[in-house]
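J.: Let the hints inform the model, and build the full structure from the sequences given.
These protein sequence lines map, in sequence, to chains A and B. Everything in the first sequence is counted per the working numbering, starting at 1 for the first residue and increasing by one. Everything in the second sequence is counted per the working numbering, starting at 1001 for the first residue and increasing by one.
Check the hints yourself; a few may be wrong.
[Stated by the list, open to error] Take a look, some chain B residues computed to stay more than 10 Å from chain A by CB distance: (1) Y1056; (2) T1066; (3) L1093; (4) V1099; (5) I1150; (6) V1196; (7) T1257.
[Claimed, not checked] Sample of chain B residues lacking proximity to chain A, with all beta carbon distances greater than 10 Å (derived): (8) I1096; (9) L1115; (10) G1147.
[Said to hold, decoys possible] To give an idea of the chain A side of the interface with chain B (calculated C-beta under 10 Å), a few residues: (11) K4; (12) N71; (13) V73; (14) R77; (15) G130; (16) D242.
Just so you know, the hints here were simulated from the structure itself, not pulled from any lab data. Computed from a predicted model, the values in this text were never measured in an experiment. Note that beta-carbon positions come from the ideal geometry of N, C-alpha and C, so glycine has one too.
One-letter residues, chain by chain:
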Amino acid sequence: MKLKLRVWRQKNSDATGRFEEYPLSDVDEHMSFLEMLDMLNEQLINEGKEPVAFDSDCREGICGMCGLVINSVPHGRGETTYQTTTCQLHMREFHDGDTITIEPWKAEPFPVLKDLVVDRTAFDRIIQAGGFISAPTGTAPDAHAAPIDKNNADHAFDNATCIGCGACVAACPNGSAMLFTAAKVSHLGMLPQGQPERWTRVIGMVGQHDEEGFGNCTNLGECTAVCPKGIPLESISRLNRDLFSALGKVK
Amino acid sequence: MLQATEAGRRIPLVATTTQPSTLTARQKALKSTVIAKFVMAGSGILMALFLLVHMYGNLKVFAGKTADGQWAFDVYAHHLRVMGEPILPPEGLLWITRVVLLVAVIAHFASAFKLWARAKKAVGGKRYASGGRVQRSYASYTMRWGGVVILLFIIAHILQFTTHTIDTWGGDAAASTPFERLVLSFQNPLVLIAYVIAIIAVGLHLTHGLWSAFATLGANTGAKARANLNKLAVLIALVIVVGFLAGPFAIFFGGITL
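T.: Below, the structure is given as structure tokens:
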């Protein structure tokens, strides 16, 4: 298929970005979106132009490295409306002759490093503020030593699938990272291993979330609608409940 | 990658744009957007409860006259001033309600402004080529400008029916009763149109606002709760819109006359 790509080009964080258009032909419908961009970059290099910078790593939808805003939807949305990472979006979701607009995540706490690559270390600092448990060293306890309610285990696992890609922030009209923060708070807060730090965790992570300059949640649900892992919106309600309890418990 | 600092804290070796804060984690959490959202949700629910009571009271326009020949609406309006007597002084409960509502409006507006400013800064004026709506409701787009419309309406509404500064009934306020002022005002199409616009803004604001308040206060416990809370918000908004518009429309189309 033949495509027209409108790609955001930006030299570095200080430069002003702009769209550039590139025609691309002979795109195979079985290609992944990133393979299509690899093809574009080969074409650009052959023409003696600067290739488009974009992030990717595992290319199997589990690492959280890739992430592009495709036609104004983070990670893109094909005809099948299947929620996935950019690397698992395939060109069969598009048609011959389509114009595809490709942009980086846009939010102040995620400065663009180059073209489509953004700096997401703000997420690392939110994790450092509480997204951990303390485990004593020595012999590991038996895995079944601490019984866990099946319902809690399931919900904790659902939240643990967050890969920290940042699509929630990219989709949020308020630039909020609440879904990410809530996923981490839910994941650890629902398991026995996460209980000792449960209340300081939510306080620390919410404080850091705001300090990084992320916006507030207005319960629109755009985040959960683009999340490749389907982190549910109710996690944010759980974070709110935990924060409310924590403020009474932590002095 | 981490590096130890003199204070023994470990900070990441990356360029940060934020200054290290001197607040404790708890102080930061107390100043966070989540707390501002709690204030927003609490004051919003309080005002919605007031609206339900206010709407119920307004329906007294349909009650006609009492046995002693007074309009039921006027009896009700007078009762609002003496409610709670003799435990409370005259107009005691009225003033308590006014002060509580004023505090709620100020808290709601102040947190709205704080959150709006934060969100604006977090997005930094950068948005996508074509809007980027995925599934958010239409009502959610009306929250901010709708809130301003409602605030302006509340001010006009008080100037009209409480202080009688804006005269829409043509005549001396002291010589007329609340029911007379109400009926004469809503016979004017301009008054009705302005009122309808304001009430629709209230309805849209409540459709998203109530759901959002419930979720913020922690009631969204799952996909089913999310659907039910959204339905509840729509139901309350509908009841309020229909309840408030019924009287003025009945007056305008001649169903209620003096």
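J.: Next, verify each hint and record whether it holds.
T.: Here is how each hint holds up against the structure:
no., hint, in the structure
1, Y1056, "holds (28 Å)"
2, T1066, "holds (45 Å)"
3, L1093, "holds (31 Å)"
4, V1099, "holds (26 Å)"
5, I1150, "holds (17 Å)"
6, V1196, "holds (26 Å)"
7, T1257, "holds (45 Å)"
8, I1096, "holds (27 Å)"
9, L1115, "violated (5 Å)"
10, G1147, "holds (12 Å)"
11, K4, "violated (13 Å)"
12, N71, "holds (7 Å)"
13, V73, "holds (6 Å)"
14, R77, "holds (7 Å)"
15, G130, "holds (8 Å)"
16, D242, "holds (9 Å)"
When the structure is compared with the earlier hints, violations turn up for hints 9, 11 and for no others.
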